[in-house]
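Peer 1: Let the sequences and hints guide you as you build the complete structure.
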Amino acid sequence: MNEYTDIKTPSYIIDLPALTKNLEILKNVEERSGARILLAQKCYSVYQTYPLIAEYISGCTASGLFEARLGHEEMGKENHIFSPAYTESEFDEILRICDHISFNSIAQWERFKDKVFACPKKVSCGIRINPEHSTQEHGIYDPCSEFSRLGAVRSGFDGFPLGIEGLHFHTLCEQNSDALEETAKAVEEKFGDFLPKVKWLNMGGGHHITRSDYDIERLIRVISHFSDKYGVRVYLEPGEAVALNAGFLAATVLDTVRNGMEIAILDVSAACHMPDVLEVPYRPEIEGAGKAGEKPYTYRLGGNTCLAGDIIGDYSFDKPLKSGDKLFFKDMAIYSMVKNNTFNGMALPDICVWDGEKVEVLKSFGYEDFKGRL
1 MNEYTDIKTP SYIIDLPALT KNLEILKNVE ERSGARILLA QKCYSVYQTY PLIAEYISGC
61 TASGLFEARL GHEEMGKENH IFSPAYTESE FDEILRICDH ISFNSIAQWE RFKDKVFACP
121 KKVSCGIRIN PEHSTQEHGI YDPCSEFSRL GAVRSGFDGF PLGIEGLHFH TLCEQNSDAL
181 EETAKAVEEK FGDFLPKVKW LNMGGGHHIT RSDYDIERLI RVISHFSDKY GVRVYLEPGE
241 AVALNAGFLA ATVLDTVRNG MEIAILDVSA ACHMPDVLEV PYRPEIEGAG KAGEKPYTYR
301 LGGNTCLAGD IIGDYSFDKP LKSGDKLFFK DMAIYSMVKN NTFNGMALPD ICVWDGEKVE
361 VLKSFGYEDF KGRL
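Just so you know, we're using our numbering here: the sequence shown kicks off at 1 and counts up by one.
Note that these hints are calculated values from the structure, not bench results.
A few of these clues could be false.
[Said to hold, decoys possible] Under the rule of at most 30 Å between Cα atoms (straight-line distance), these lysine-lysine pairs were calculated in the DSSO-like manner:
no., residue 1, residue 2
1, K42, K339
2, K77, K8
3, K322, K295
4, K330, K42
5, K197, K122
6, K291, K322
7, K291, K319
8, K21, K77
9, K330, K295
10, K371, K319
11, K113, K21
12, K185, K121
13, K77, K42
14, K27, K330
15, K199, K115
16, K197, K185
17, K199, K113
18, K115, K185
19, K371, K42
20, K291, K229
21, K371, K339
22, K122, K27
23, K42, K326
24, K27, K8
25, K77, K295
26, K8, K363
27, K8, K291
28, K339, K291
29, K330, K21
30, K8, K371
31, K363, K339
32, K326, K358
[What the hints assert, rightly or not] Simulated DEER-style distance windows between Cβ atoms:
no., residue 1, residue 2, range
33, G260, N344, 54 to 60 Å
34, D213, Q48, 27 to 33 Å
35, E146, T256, 43 to 49 Å
36, E90, N259, 31 to 37 Å
37, R32, G293, 43 to 49 Å
Source: prediction; values computed, not measured.
By construction, the Cβ of each residue, glycine as well, lies at the ideal position given by its N, Cα and C atoms.
Peer 2: Following this line, the structure appears as C-alpha cells:
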C-alpha cells in the first residue's frame, strides 16, 4: 500500500473504490431479483459512508435501538430492526424510527402488539423463525444449533399470529447461495403454509454475495421462487458483503524479539482491534506477506497488550522486519471497528477513507475516548 505508507498508525482505512464495487454488485442483485438489500450495521456502521451506500441499496437493519437510531439519522431509507427481546423503555422510540420490526417470539409480539396497533404510522411486523436446519459447523454462529434462543420453532406456533405481516430467518454465516437454497427448502417444509399469509420474507444475512466465487445466479433463483410462488417481497441483510475486502488496518512494527522463533510486536492488537482473530478464530491476510515458511523470513505477530494470547498469527516476508515497518492487514472494514475495545488502555485506531488517490481521516480517538467509556 505505497499510496499511504506515511499514515499514522494504528488506522482503519476504508477503500472507497472497493466499497463502491461491492455496492454495484448488490445493486445489480436488487435490480435483477426484485429483492431489497439492507446493510446489517452490526458488521459495518461507518455512517460517514452511508450516503454512498444509500445510492445503491434499499436501507439498513439494526440489532438494537442505537443502531436503529444511526440508520434513521444517517441512512434515511428503509429502517428494519430485529432483537432477541425488546424493552418497554426503548420500544416507543423503536416504533417511531423503524418501519419494519421483527420479533423473536410470539410472546414478544403479544407483549408489544397493542403499541404497534396504536402507532399513528404504519409499522410492518414479523416473526423470526427457526427452520431448525444447520448448514455450518460453528456453533457460536449457528442460530439453528441445539437449544438456540434465536427464532421461533414451528412447534411454538398455535396458528398464525394476527397482525403479523412478515417472516424472518437468519441462519447463514459467510456462506454461498447453496446454503441458502438448502435452508430455504427447510423453511418451506416447516413454514410453507404461513408464506401465503405474509407480505414479506426476510432471509437475513450471512450471504457472501460480493465474494468472487459466490453463485449469484442461484441466489436470484431462490429469491424468484419465493416472490413468484408466494407473492412476497424478499429482503436480504448482508453486512460483510457490503464491505467485504474494502478496508485495511494499518500497523507499525514496534520491536522484534526472539524466543524459539522471530517475534514482532505491533501497535495493533488482536484482542483490541481485530477480536474476531481470537473469537472465530481466523488469520487475516497482510499485503505482501505469505504464510509461515512461504517467504524467507517468518515472524509471529503479536499485539502490544499484556494478554499472552494476543497473537495475530505467523507470517513470512521477503525481508526481515524492523522497528518502524508498516504492515497492512486486509479485510478490516467488517466487524473490527464495531467490536474493538480499549483493553489495557490501547488507543483506538483512527478511521480513514481512501478515495483511490488520497487518505482522509474521518475520526481520531484519544485519552478522553478511553476514559469516557467507563
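Peer 1: Broken hints, numbered, in rising order?
Peer 2: 2, 10, 11, 12, 18, 20, 24, 25, 33 and 36
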